[in-house]
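Heads up: the protein sequence lines correspond to chains A and B, in order.
Residue 272 in the numbering used here sits at position 272 of the first sequence, and the numbers go up by one each step.
Residue 1082 in the numbering used here sits at position 82 of the second sequence, and the numbers go up by one each step.
The hints are simulated quantities; they were obtained by calculation from the structure and are not laboratory data.
All figures in this text were calculated on a predicted structure; none of them were measured in a lab.
Where hints are given, some of them may not hold.
[Stated by the list, open to error] Heads up, simulated DSSO-like pairs for lysine-lysine below, C-alpha to C-alpha not over 27 Å straight-line: (1) B:LYS1171 / B:LYS1021; (2) B:LYS1132 / B:LYS1210; (3) B:LYS1002 / B:LYS1132; (4) B:LYS1029 / A:LYS29; (5) A:LYS167 / B:LYS1210; (6) B:LYS1029 / A:LYS111; (7) A:LYS29 / B:LYS1289; (8) A:LYS127 / A:LYS141; (9) A:LYS66 / B:LYS1210.
[Said to hold, decoys possible] To be clear about the criterion: a stretch of chain B counts as covered by chain A if any three or more of its residues have a C-beta under 8 Å from a C-beta of chain A, and this derived list gives those stretches: (10) 1233-1242; (11) 1253-1267; (12) 1296-1309.
[Claimed, not checked] Negatives, chain B to chain A, calculated, CB over 12 Å: (13) TYR1033; (14) THR1159; (15) SER1273.
Don't be surprised by glycine CBs; every beta carbon is placed ideally from N, CA and C.
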Amino acid sequence: MSSPETELRRLARSLLEKKAVDLVIGYEKSEAGVRPCFISEPNEAERLVWNPDCRLSLVRYLRGFKEKRVGIIVKGCDGRAIVELIKENQLDRRSTFIIAVECNGVYKPVKYGSSKLGRQIAEYCEKCEVRISPIRDHLIKSDVKALERPSPKNDGEPLDWLSLFRKCLRCMACVRSCPFCYCTECSIEGFKPALVHKLVDPVELFTFHLTRALHMAGRCVECGACESSCPVEIPLTRLYHELNEWFREKYGYVPGVNLEQAPPPLVFKEGEKP
Amino acid sequence: MKMFSIREENLKVFLRELSLKHVLIAPFKRDGYFEFDVLRNPDDFNVNYTNTRLSPKRFFMPQRQLVFKHYPRKGFTEELKENSSVVLFGIRPCDASALSVLDNVLLNPPHKDALYENRRKNAIVVSLSCTKPMTECFCNVFETGPIRGTGEDLTFTHTSKGFVVEARTQKGIAVIGEFGELFREADGEMLNEYNKLIREVLDEMGSRLKVDKTRLIGIEKEAGEEFFQLNAQRCIECSLCSFACPLCYCFETEDYWEKDSYVRFRGWDTCISPLFTKMASGLDPRVTKADRLCHRFCHKLSRIPLTFNAYGCVGCGRCVSLCPAGIDIREVLRKWG
Ligand code: SF4
Ligand code: SF4
Ligand code: SF4
Ligand code: SF4
Ligand code: SF4
């Protein structure tokens, strides 16, 4: 059996050769690690890589190619995001070729000036039960065995969110890397009206994060793109996970697993109370 | 300037005495990375830190800063003067050099920045040389490290026989004078080791990335080039690269009403943000992501050098490491340097 990477390259090449897609969004090696790449020539398919550093969800890039037929490489969580986006009417299923790669978890990024040594599987991957995209046109099985997952921890001590949010720079990396932050003007950045003051102030930071958290409840697929992009390592997915749990108890809804089940906020039921 | 030395065990004594007279800020390990904060106990200082995740820029240009308050009923406007004297200890040479770039931009008449000047002139900056540069570092390109930077008052370099201390400014000499009993003149043996160290570290860094920085001016002519379009595809337009950068200095202001006065704040902004050049009329002279990305690099590598006689990058490597999309200024340097 060939490695997932070889299979991936072969598939991307043939999709581009047959002109089944206009481009393939995947990952390539860069000097500092792995980064997104956009491939439109069959010969360039050799650049594609697949490894546990392919952490940034590529789904957020789909909104930039609405007029094109796009092949996209997805992990389990990324596929769930696609399911949810289709339900939110943000994605045309027919013009998207979904290449699902079996995912065994990704590593936490080791960032500038980190004092940590060695590689660690991301916390949100420890909780993941999906691993393979529920929606796909092609499945690539993995040949490596699952990364060592410590048994899912309970979340231990509640976090001090107030002091965590105080570290936030409002760089918007969390917002911009999220598949679901597709608003053309983010309510948190907008001028008319300004929901929060643009310049960072501790109270405004709290408003920012609560607004975002509420917009994520029952939608977030816990792909961790936000968290892994965050320069100050705020464990955002932990917060959204808790909201998702609450959402599941209240509405019996888990985002991204079932294309047929409508998201509760999009369904109007007569006599329903808020 | 003059070379001194201080014994290994006297560093803590020096830090303790400094902290009694000034607000002492130094790097700390916190949640798995290093960050600057007030150092209360010198034992918390660890010489073997890499560099801080975020740059020390915020001590001179806070992310949010009050400019003035205006009380309409009392009818006067109060301009804010901050007067804290801080010592930044253990800032890396690249970050210290970033301050000298900011000085060129912000302290030259006729556009002096009073708020920056106020903080800058009250600060003593002590750098600690890098003997083990990180893989992201490329200060050698801009001659802003790894042993000596350009914006510090004192440079400390760790050798096997204690620290070589170079006084770089009058302020630095004054500090040495203040704690005279702790410092001695550096002896020849120590200086030999010091010079050897400079050569070794520079050689090592040069083997990773070596470019002619003066050629970068030409990048300006390449606007709209394919390189930027390709990279723009992956840029997610956060503001992280600029916010992490030790010398991105663009700001915006915000006015609002607070209790009994109008207040004006100013804070970080960045040219990479799609809102940066958008005008009230809806017009936007820098429409595409590629335009903005190109602007960021042209400004740093061509326009700042032409206007302010300094480079807009000191090679700290923060943007390289933190960019979620893997956009890497070193590629720009290799291509046009
Ligand atoms: S990525 Fe982190 S620092 Fe940036 S806005 Fe989001 S939470 Fe704040
Ligand atoms: S909020 Fe974060 S974890 Fe959730 S879908 Fe968006 S990027 Fe992924
Ligand atoms: S950090 Fe990277 S993705 Fe974010 S704006 Fe800068 S170049 Fe673009
Ligand atoms: S552009 Fe990047 S490498 Fe250069 S000084 Fe700024 S953050 Fe550091
Ligand atoms: S860029 Fe140079 S001065 Fe800055 S941390 Fe790295 S080696 Fe040290």
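Here is what the structure says about each hint:
{"no.": "1", "hint": "B:LYS1171 / B:LYS1021", "in the structure": "15 Å, holds"}
{"no.": "2", "hint": "B:LYS1132 / B:LYS1210", "in the structure": "18 Å, holds"}
{"no.": "3", "hint": "B:LYS1002 / B:LYS1132", "in the structure": "24 Å, holds"}
{"no.": "4", "hint": "B:LYS1029 / A:LYS29", "in the structure": "30 Å, violated"}
{"no.": "5", "hint": "A:LYS167 / B:LYS1210", "in the structure": "36 Å, violated"}
{"no.": "6", "hint": "B:LYS1029 / A:LYS111", "in the structure": "14 Å, holds"}
{"no.": "7", "hint": "A:LYS29 / B:LYS1289", "in the structure": "22 Å, holds"}
{"no.": "8", "hint": "A:LYS127 / A:LYS141", "in the structure": "20 Å, holds"}
{"no.": "9", "hint": "A:LYS66 / B:LYS1210", "in the structure": "41 Å, violated"}
{"no.": "10", "hint": "1233-1242", "in the structure": "holds (count 7)"}
{"no.": "11", "hint": "1253-1267", "in the structure": "holds (count 5)"}
{"no.": "12", "hint": "1296-1309", "in the structure": "violated (count 0)"}
{"no.": "13", "hint": "TYR1033", "in the structure": "5 Å, violated"}
{"no.": "14", "hint": "THR1159", "in the structure": "23 Å, holds"}
{"no.": "15", "hint": "SER1273", "in the structure": "8 Å, violated"}
Hint compliance for this structure: hints 4, 5, 9, 12, 13, 15 are broken, all remaining hints hold.
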